[in-house]
Amino acid sequence: MIYVIKKVKAAVSHKLTAAKDTAARLAFRGRRILSESAGEGYIDTAIKILLAVVIGALLLAGLYALFGETVLPTLTQRIKEMFNYAG
1 MIYVIKKVKA
11 AVSHKLTAAK
21 DTAARLAFRG
31 RRILSESAGE
41 GYIDTAIKIL
51 LAVVIGALLL
61 AGLYALFGET
71 VLPTLTQRIK
81 EMFNYAG
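Numbering of the sequence shown is given in the numbering used here, commencing with residue 1 and proceeding in unit increments.
Derived by calculation from the structure, the hints in this document are not laboratory data. Be a bit skeptical, because a hint or two may be false.
[As the list claims (entries may be wrong)] Derived DSS-like pairs: lysine-lysine, alpha-carbon spacing no greater than 27 Å straight-line: (1) Lys-20 x Lys-7; (2) Lys-9 x Lys-20; (3) Lys-6 x Lys-20.
[Said to hold, decoys possible] The following label-pair restraints were derived from C-beta to C-beta distances: (4) Glu-81 x Val-54: 35 to 41 Å; (5) Ser-37 x Val-12: 38 to 44 Å; (6) Leu-34 x Tyr-64: 25 to 31 Å; (7) Glu-69 x Ala-46: 30 to 36 Å; (8) Ala-23 x Asp-44: 46 to 52 Å; (9) Leu-58 x Glu-81: 54 to 60 Å; (10) Thr-74 x Thr-45: 39 to 45 Å; (11) Val-54 x Ala-27: 34 to 40 Å; (12) Val-4 x Thr-45: 56 to 62 Å; (13) Phe-83 x Asp-44: 51 to 57 Å.
All of these numbers come straight from a predicted model, not from anything done at the bench. Just so it is clear, CB atoms sit at the ideal spot from N, CA and C, and this is done for glycine as well.
Please take these sequences and the hints and turn them into a complete structure.
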C-alpha cells in the first residue's frame with residue numbers, strides 16, 4: 001500500500017513539475033514574441049491599411065465638398081456668362 005501511495009505521489013509530482021515547466025516556457029515565449037522589434041506583424045500592416053483608407057476617404061470628402069460648394073458653382077456661372085450672347 002505504501003508503494004502505491006509513493007508511486008502516485010511521484011506521478012503527481014512529475015505532472016506538476018511538467019505543468020510548471022510548460023507554463024514557464026509559454027510565458028517566456030510570449031514575452032520574447034512581444035518584445036521582438038524585428039519584422040512586421042499582421043496587426044501593423046492592418047493598422048497601416050486602415051489609416052490609409054481613412055485618410056483617403058477624408059481627402060476625397062474634402063475635395064468633394066470643395067468642388068461641390070466652391071468651384072463648381074463658380075465654374076457653372078462663368079460658363080453661363082461666357083455663352084450668354086443675349087446682351
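Structure-based check of all given hints:
no.	hint	verdict
1	Lys-20 x Lys-7	holds (20 Å)
2	Lys-9 x Lys-20	holds (16 Å)
3	Lys-6 x Lys-20	holds (21 Å)
4	Glu-81 x Val-54: 35 to 41 Å	holds (40 Å)
5	Ser-37 x Val-12: 38 to 44 Å	holds (41 Å)
6	Leu-34 x Tyr-64: 25 to 31 Å	violated (42 Å)
7	Glu-69 x Ala-46: 30 to 36 Å	holds (35 Å)
8	Ala-23 x Asp-44: 46 to 52 Å	violated (29 Å)
9	Leu-58 x Glu-81: 54 to 60 Å	violated (34 Å)
10	Thr-74 x Thr-45: 39 to 45 Å	holds (42 Å)
11	Val-54 x Ala-27: 34 to 40 Å	holds (36 Å)
12	Val-4 x Thr-45: 56 to 62 Å	holds (57 Å)
13	Phe-83 x Asp-44: 51 to 57 Å	holds (55 Å)
The structure is inconsistent with the numbered hints 6, 8 and 9, although it conforms to all the rest.
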